[in-house]
Structure formats: structure tokens, C-alpha cells
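Asker: Please take these sequences and the hints and turn them into a complete structure.
Order-wise, the sequence lines are chains D and H.
The working numbering numbers the first residue of the first sequence as 3 and each following residue consecutively.
The working numbering numbers the first residue of the second sequence as 844 and each following residue consecutively.
In short, the hints are calculated from the structure, not lab data.
One or more hints might be untrue.
30 Å max Cα-Cα, derived DSSO-like pairs, lysine-lysine [as the list claims (entries may be wrong)]:
(1) D/153 / D/130
(2) H/985 / H/1149
(3) H/1149 / H/1122
(4) H/1149 / D/297
(5) D/394 / H/1122
(6) D/56 / H/1093
(7) D/297 / D/394
(8) D/212 / D/297
(9) H/1138 / H/1149
(10) H/1093 / H/946
(11) H/1093 / D/153
(12) H/985 / H/1138
(13) H/1149 / H/981
(14) D/130 / D/297
(15) D/153 / H/946
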Amino acid sequence: MTMEEADLSAPRQPARVAFYNDPFWRSLAYQVLTAAILAGLLVWMWLNTLENLKRANLASGFGFLQSRAGFDLAQTLIPYSSDSSYFRALEVGLLNTLAVAALGIVTTTILGLLVGVGRLSSNWLIRKLATVYVEGFRNIPLLVIIFFWYKGVLNALPNVRESIVMPFGMILNNRGFYFPAPLFGEGSIFILAALVAGIVAAVIWSRRAKAQQMATGSRPPVFWVNVALVLGLPVLVFLVLGAPLTFDPPVAGKFNISGGSFIGPEFMSLYLALSFYTAAFIAEIVRAGIRGVPKGQTEAAYALGIQPGRTMRLVILPQALRIIIPPMTSQYLNLTKNSSLAVAIGYADLVAVGGTILNQTGRAIEVVAIWLAIYVSISLATSLFMNWFNRKMALVER
Amino acid sequence: MTETPSNGLHFVRRELAEARKPPSQEIGPLAWARRNLFGSIFDTVLTVLALLALLWILPDLINWLFVNAIWHGTDRTFCATVAQGGIQPDGWSGACWAFVGDKFQFYMFGSYPVDERWRPTLVFAIFALTLAPLLIPKAPYKVANALAALIVMPVISFFLLHGGVFGLPVVETALWGGLLVTLIISYVGIAVSLPVGILLALGRRSQMSVIRLLCVAFIELIRGVPLITVLFLASFMLPLFLPPGTSVDKFLRAVIGVSMFASAYMAEVIRGGLQAIPKGQFEGADSLGLSYWQKMGLIIMPQAIKLVIPGIVNTFIGMFKDTSLVSIISMYDLLGIVRASFADANWVTAVTPLTGLIFAGFVFWLFCFSMSRYSNFIERHLDTGHKR
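Answerer: Okay, structure coming up:
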């Protein structure tokens, strides 16, 4: 190190400023002040809450979750009765939320893809219809759509005596949609095992096919082999076991319908409204994604002699997906959060169940805390997954 | 270059040849249809299917909405079939616009006393008069106008609506309702969420870790939960947090909930804009010796906000739609009041709920659609050519 360089790199004497003008001390002072004010506010609110709870003679703590719920829920995925605990009721609610969200996500993705591609169609009529769909549903509150299905459409269905009977023993009336319940007999677990084995085998086969393509350039058939593995294997096991599956069809009585499985109108209207509403947003995301891929990519693929169908599948879509997936996940998250509107029509989701508990016990803090904890963990889990996925998918640039 | 032809003649065209008309198959509505509707077999199938679907739906829809609809009437008998105790032939079904007409004032003002309804009407008028020039880019005095619209107007409106001054009788907020409430909540939400959102976005990018942490926690917590839980939080927990005996107006609680929610979303939109500003802009401002607030207010924010106008308007639209959720915590906004009107024994028929919901949906649609169109217009207007 030469003398000159050492001089340059030596710390210079900073200009003398008063400590209250020094950025370090200043920012420290601001932060301490903010923290102090916030802490004071929290303590003040805490003391007020304690005082308020004492005056209203309310207990606190999560012990109440073990006591008897005492209310019935219309639709449950796990066994539940009014003798179950509050905790059980919340479990039912969470499962119902996840059920409607999962089904809604599947439907809305398909619908949104169709409408989004429709907006880019070369067919004028389809393009206009897709535009009307998007502009219509995007600009109406979800709650109006939910009520529209619930009050308008499903209430217009006939009553029990005039039920619409559909093929395979399905029955539709204003109490809901009834369908045969599948009853799995002995050894059904092997079918499930066959399905899992099929999926694992399909994944292995795809990897080997890719490796072979990389090594030799020829690609063994993947799609049909995988279909055979994933679908064929369970069907084969099913037949070998002697088809251990019977159905319990719903039977229409005079005033009621017995047997079978049933989906209430609350679930139907929430599910339909969520799917239709979110699809409008997904359509716009899909459109933006496909248009975000430069036209040169298509032209280059054509110049290489790749067919239009394969161009879409192998060149355009993988690049469009990179643009589409992040906003799409946030729409999925929105759908999950919006399923909380179930409370307006009485579908027993997490918020509806929590609201009932809140009204019965007055434990506002505990119930709201449970809500916040569950929804925030769903959001955090999704965003962690998304970050991982984005890193994996990120464009590897020079 | 050109060699003289052997016969010594040159031919040079001096005028442009007159363009010929395109072949008749290429122009006119038929050619248009062939290009845009029947371009391929697949397109043809799609067109036919879509036309069939339209033919199946549209006539029934138009019949229900307009042809069979009842436009005048004073009670439920006008919109009910004979079997239901009305005057319409059996099997009739149509929209009952007479119901909406009868309830129109109720939908606009809720239970606001009839004698005092000139006050909300006046507020609507002031609202339109201060907002219209603000939205027209060419109108002068923007700063004064913005102050009037965002600070003076809300204060005047509050005293006009609530009363208790200048001899105006007090009208409790519990009596407010309908479109009035929807507009007030969204207006306050917009007016609060923009500045608070800017502060939160700046806080999230701050060098001070305590402030950054607080802003991140607030934004992520609110964005992670549904609005309805925030509304429950505001309406059930706010009274617990305050000293015993203080009561917070239910209306105010809803407004606080909606504003908190909108601010968190606004913060993320604005952060997106901040991130898109090149670092040189920050450094340029620093090198000019501007203070933090000068730098942000004069250099960074004007550019950042311009970039994210579509996002901001989308947040406004989302919030306007979300105000309908306050009907769940038993407040009577437009949707709440429409639902409440279904219970009116004078008008209970099979078609009134659907008619009322279609009306409410249409009003919401009108506001949201105009907002999105305006956002498109202003985006083009502000585009000063920085886009590549």
C-alpha cells in the first residue's frame, strides 16, 4: 500500500455538527419517540380493556373453547353436533372455508382462463362477450352477486314436492342439491394407494423421458403413459377388487329428502359468486400475461417450423405463466378471504361460526384474535410458497 | 444506370396510379363477417354457439327486464300473480320497477327525516360542484379546488347532515342510509387512505428500523385478513380499547375500519410506484441539498403517483365495492337498505328481491365503471412520453 492511497482511505475528520443535527442521533430519537408513544398507547388500551371487561363482567382467556357450543351447523365435513365444543365448531368453520375456497379456485381458474383467452380471440363476437363479462363482474360488489344467486336464482328453484329430478338420482330443489353418496367397501384403501403409486410412477416416467430427450433428442410418449398410470392404475385395482363401491341415492319423500349427500343453497351461491367474480380478474391477468410475451417469440417459433399448437404450449405459455402466476396467487388469496362473506348468507365458514360464538359468549378479543391468526397464517404460507416459486421460475439471465 | 432502350423511348410515369378499390370480397359487412366471425372452422363453431346462447338468453332477459316489467304500481298486488294474491296472470314473471320507484327516496337517503332531505340533496350538489372541476384537467385553481373538495367540503357536509348548528335539527347517524352512506364512507375512505397510504409506503422504505417494522406489520396484518374481520374488529373491539363510558358512533367505527383497510392496500400500490423510480432521482434530489420531505414531495412522489394511477383508481373501485360489506355489521348502506326493503310487507312478492338487487348492482356498476373509464382517460392525459 502506497502512502497516497493510505491517505485517501484514512477516515476524514467529520465536520462538527451539533448532536441534534446528526442523522444517527436524530433517527434514533425519532424511533425511540415512536416506540414510546406506541407502547404508551398499547398500555393505555390494555388498561382500558381490562377495566371494560371487569365492568361488563366478562372473563377472558381461551378456556371457553372447550365448553359446549349448543348451536347446530347446517353443513359439516366432519362429525359435529350441538354438543360439540366451540373448538370443534371452529374446526368445522375452517374446513368449510377451505372447502369453498379450494373448489372456487378450481372453477374460477378454468372460467378465467376461458374468458381471458376469449378477450384475445380473433373472433369479434367472442371478444365482445368476454369484454362484457369482465366489465360487468369487475364493477359489481361480490356481496351483490352472492345475494343475486341466493335470493334470485336459487330461491326460484321449486320446493321439495316439485323437485327437479336429474339423471343418476340427483335431485335439485330450493333446499339444495342432492346426489348419491358414494360408499366405499372393503379394501378401498388399496385404490387410494394405487392412485398415489400411479402419480409417483408418472413423475418418475416424466423425468426419465426428459433425460432421454436431453441425451438422444427423441422424446418417448409422456402424456398418454401418464394418463394410463394416474387413471388406469386405480381403475385396474378397483376392478380387480371386484368394484367395492356402492351408492346411497337420495330418496324423495313427501316433505323431505332422505339419504344421499347434499349441498346447501348457501354453499352453492357462495361458490358460484366467488367463481364468477374472481374469474373476471383472472381473465384480465391471463390477457395481460399472454400479451406480455413479445410477438417475436411466436414468429421465431414459427420460423423454426414449430406448429402453432406447440408454439403456444412450449414457447408462449411457459413465458406467460411467469407473468401470470404472481398476480394469480394474490387473486386466489383474495378469493379465500372473500369467502368470509359467507356470514351474510349463513354458510358456516370460519367467520360465520366465529360470529355466532362471539354473540353467544361475548369473547370479542379471543374470537377476533383467532380469525386474525388463521387468515394471516394462510396469507403468510401462500406468500412464502410464492417467493420460493418465483425464485425457482425466475428468468435466468446472462 | 438506366440504359436507353434500343427504340429510344422512355416511359416514366409522372402521376401516381390511382389506387384501385379492393376486391369486393375484401370490403363490406360480408367480408368483415368472414374475417371476424367465420375465419376458420373453429371460429365458425364458436360464433354459432355464441349466437345460439345469445338467442336463448337475450329474449327472455329483455322480456323479464323491460317488456313484462311493471313500471307503475302502489303495492305488491301489481307485481304478484293471481295465485299469489295479485293482479298479474298466473305464470307471469318480470321485473317490478314500480317497487324500486316507490322506494327510490328510501334507497337514496335511508331513514333520513323526510322534511330534512333537502340537506343530503344539497350535500350531493356541493359534492358534484367541487368534484367536477377537480376531475377536469383543464379547469384552473387546482390547489384551491382540492382543498375545498378534501377539507372544506367534508366539514360543511358533516354539519349539514348531522345538524345541531345554525338551528338545524340534529339527525343521528343511525338514521342515515342508502346511497348517502355508501358515498360518505367511500369518500372518507378515499380522502384518508391516500395520505395515510403515502405515509405508510414511505415508512416501509424508511431507514429507521422501528418505523419500518411497524409499517410492515400494519400493512401485512391488514392485507392478510378479510375486510369483514377488520370491520368486526372496529365495531367490537374499538369500544373495549377506549376508556369506559366513551361511546364511539357505529357509523364512525365502520368508517375507521374501511379507512384502515384501504390505507394498507393504498400503501402497497404507492410502494410499487416508489420502487419504479430510478435511484438517480433520489440521488439527484440529495445532491441538490433537498431535505427528506422536499425530496419526497417535490421530486419522488409526483413521479411515483403518476406511475401508479391505475392502481390507485383500482383501489378506489375496490373500496367503493367493499363499502357494501358494512351491511353485514347491520348498517344501512345502499345494499343494506335494498335488503331491508325486501321485508316491507306492502311489497313482498317473488320478484322484488331480484329487482332490488339488480337495481343496487346497476348503481354500483355505474359508479365503478365511470371511475375506471376516468382512470383510463387521465392515464392517457398524464402520459408525458416517458414510457418506452
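Asker: The structure should be examined with respect to each hint, and the outcome stated for every one.
Answerer: We went through each hint and held it up to the structure:
no. : hint            : result
1   : D/153 / D/130   : 29 Å, holds
2   : H/985 / H/1149  : 16 Å, holds
3   : H/1149 / H/1122 : 17 Å, holds
4   : H/1149 / D/297  : 28 Å, holds
5   : D/394 / H/1122  : 27 Å, holds
6   : D/56 / H/1093   : 23 Å, holds
7   : D/297 / D/394   : 25 Å, holds
8   : D/212 / D/297   : 28 Å, holds
9   : H/1138 / H/1149 : 16 Å, holds
10  : H/1093 / H/946  : 25 Å, holds
11  : H/1093 / D/153  : 28 Å, holds
12  : H/985 / H/1138  : 22 Å, holds
13  : H/1149 / H/981  : 17 Å, holds
14  : D/130 / D/297   : 23 Å, holds
15  : D/153 / H/946   : 19 Å, holds
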